[in-house]
Amino acid sequence: MPTLLPRLGKVLIPVVVGLPSLIPLTQPTLAAEQVIIASTGGAYDRALKEAWFDPFTKATGIEVVTVAATNAEMRAKASAMVKTGNITWDLYLDGEIQAASKAHREITEDLTAFCRQFADRRDLSANACAAGGALLQSTATLLAYRTGEPGGPVPETWADMWDTEKFPGERAFPNFDDPWRVMAAALLADGVSRDELFPLDIDRALAKLEQIRPSVSLWWKTGDQSVQGFRNGDYSLGQIWLTRAKAMRNEGLPIAWSYKASFLVGDRIALLKDAPHRENALKLIAFWLNTPAAQAKACEALSCTPPSSDAIAMMSDEARKTMPQGDDVRDYVIVPDAEWINANAAMMLQRWNEWIR
Amino acid sequence: MTNFISRSRSHRLSFRRLSSYSARFYSLPTSIVLATPLIAALAIGFLYPVLKLFALSFSGGTLAYYRRIVAEPLHLAVLTGTVQVALVVTVASLLLGFPVAYLMARLSKGPATVVGACVFIPLWTSVLIRSYAWVTLLQRNGIINELLIDTGVTDGPLKLIYTQGAVILAMTHVLMPFMILPIYSALRALPADYVRAARNLGAGPLRAFVAVTLPLSLPGVFAGSVMCFVLALGFYITPALVGGPGSMLMATLIGQQTTVLLDWPFAAALSTVLLAVTLLFVLLFRRTLSLSKGLNSVY
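Chain order of the listed sequences is C and V. Be aware that the first sequence starts at 1, since it is given in my numbering, and climbs by one per residue. Be aware that the second sequence starts at 1, since it is given in my numbering, and climbs by one per residue.
One chain only, chain C, in its complex shape (with noise of 0.2 Å):
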C-alpha cells in the first residue's frame, strides 16, 4: 500500500503542474479594437455581417464579434450577466415590445442621451433611437394565406380567419409564450375596434378562441414550423411573420398575406450595461442608423422594414411593394401598446397556459 501513493503522484504531480498551463486559455485574448453582438445567428446574421458589420469594420478598424442564442436566451444570459457582474457581451438583440420592459431597463443602459443626435434627422423614423435601444428593422406578424382560384373571396380580415364556412380549411396559430398577439386578432375579429384594442379583454379574447379552436392543427413554437405547415398542406390559414411568408413566395408557394390583419413588431440594439466595449458598441450603433445603404442591403435580404425612409428608398421596388407602407400602417397595421404588455406578460401567459392545455 505504501508504494501506491508515490506511484499515483508521479501521475498527479504532472497534472497538477500541468494545470497553470490551462489559465491562459479561460482569459480573453487581448486583441485589437472589438465589440461583441449577441444575435439570432444563421440567416439574419450573415445578412448583418454583411451590410452592417463588415463595412464598419473596414471604415473603423472594429473589429465586429458575433454570438449566436434565441431571443430568450439572449435575454436570460444578459440578465445573468448583468446580476453576476461578468459581462462580455457589449449588444443584443431583443424585440421591440421586450425593450420597453422593466427588466429590460434593468441591464440595459439608458440611452436617451446618446439618442439626441439623431433628433432632427428627418429620414429616421419617430422611434428609431429610444431609451431600450435603436431600432434595427420592423417587420409585422400577420394573416397569411395560401391563394384559392383567381376570383374567389380572399381573407383580409382576422374576422375571415374566424369565418370557417366563408374559408374553409385548417388554421396556424403561435404558441411561442407570447400570447398578445393571438388574443388581440381574437379581439379583433369578435369586432373590437383598433383603437380600443388596448387594455385587452382576456375572457372575451379566450372565448372568441374557443370558437376557433376545432379548426386549429397547429400551435407553432417556431418560425421554421409555421413555414413547414404551409408547404405540406397542414394549413390554408395562419397567423405567421411576414418575413416568412415572403420567404414562402420567394419559394414559389402560392402564398399571400393581409395588411389588414397585421400587427407591427420590430429588433431593437441595446447594450448592455456596463459592457466592455462601450464606445465601440455606441459607435457601431450609430454606424447602422447614420449608413442607410447598410440598412437596405440588409432588408432586402432579410425582408424588413429599416428603420430609416432613405433606406426604403434605396431598395428594390420588389421588396417595397411587399413592405407594409405608410398608408397601410395608418390605416389598418397595429402597433401593440408595449407598456400594457409588459405589465401583463405573466397574467396572460399564465392564463393562455391555462387556456391551451
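Mimicking SDA-like on lysine to any residue, the simulated pairs with C-alpha atoms at most 20 Å apart in a straight line are:
no., chain 1, residue 1, chain 2, residue 2
1, C, 260, C, 196
2, C, 221, V, 78
3, C, 77, V, 50
If the Cβ cut is set under 7 Å, some of the chain V residues that face chain C in the computed set are:
no., residue
4, 240
5, 245
6, 248
7, 260
8, 261
9, 262
Keep in mind the hints are simulated off the structure, nothing from the lab. Being a predicted model, the structure only gives us computed values, none of them experimental. Beta carbons: idealized from backbone N, C-alpha and C, even for Gly.
Following the hints, complete the assembly by docking chain V onto the known chain C.
Positioned in the frame of chain C, the structure of chain V alone reads:
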C-alpha cells in the same frame, strides 16, 4: 503492495465475473485521493449551483413562490402530467429495450456490433434531428399517413403529429439507448454457465430466464429505468417540436419563467419541486426493487 495484490487476486478469483474492481480493495486514504477530483467536480459543477437555485427559490425570505405553485392548479396539473409521461416513456423503453439488450448480449461478436451500432448511432445524433425526423414521419402528408391511406387502412390523414402520443413515441426513441446499455452490461456480466446450470437441472428456457437471467439483470434494469425516468422528467426540446399545446411539461413551464418572464426565483421554486419529485421517485424505485432478490449484488 504484495498484500494488496494477493488480496485482490483471491477476490478476483471468486468474484471475477460478478463484480468488477471496487473501492473496497483500496485503503481509505487511497480511496479518498482517487475520489477527490470527482467530488470536487460535483461540488463545483452540481452541488453549488443546485444550492444556489434552492436559495434563490426562497429569495425575500418567504415561501411566496411555493405558495404560488400550489395556488395555481395549472402547475400541479403539469407536474402530474410530466410524471405520467415520464413513467409511460420509462415502461415503453423497458419493454422495447430489454429484448434488444438481451439479443446484443447473446449474439456473437460480429452481429452484436451491428446491433450495437444501431443503438449507438441514434445516441450520437442530435436530439433536434431525431425529433425533426419524427415530424417528417408523422406529419399530415408524411410517410406513415401516406402508407396508411395507400393501403386503405384509413380514408383521410390521421392526426399523428402534435399529440401526446407523438411526444411519448419520440421521447421513447430518444431515451431507449439509456435503457438498453445498462441492461446489456448487466446481461454481459452474467456467466452463460448459470443458465446452462439451470437448464441442466431441468428448467425450460422460459423458467431459466424468469428464475435466473431476469433477476440477475435487475441492477441493469434499475439503472436504465432511473436514467430514463430522470431524463424524461426534464425533457424540453422533443415535446416542444412534436407535441401539441396539450403536452406541456414542467421544463416548458420552467423555461417560460426563466427566459420569457425572467422571474428566476419562481423558476427556481418550480425546479426545486421538480428535483424533489425526481428524488422521491428514485427512492421509490430503489425501495421497490430492493424488495426483490436481484438487487443484493448491487448494494
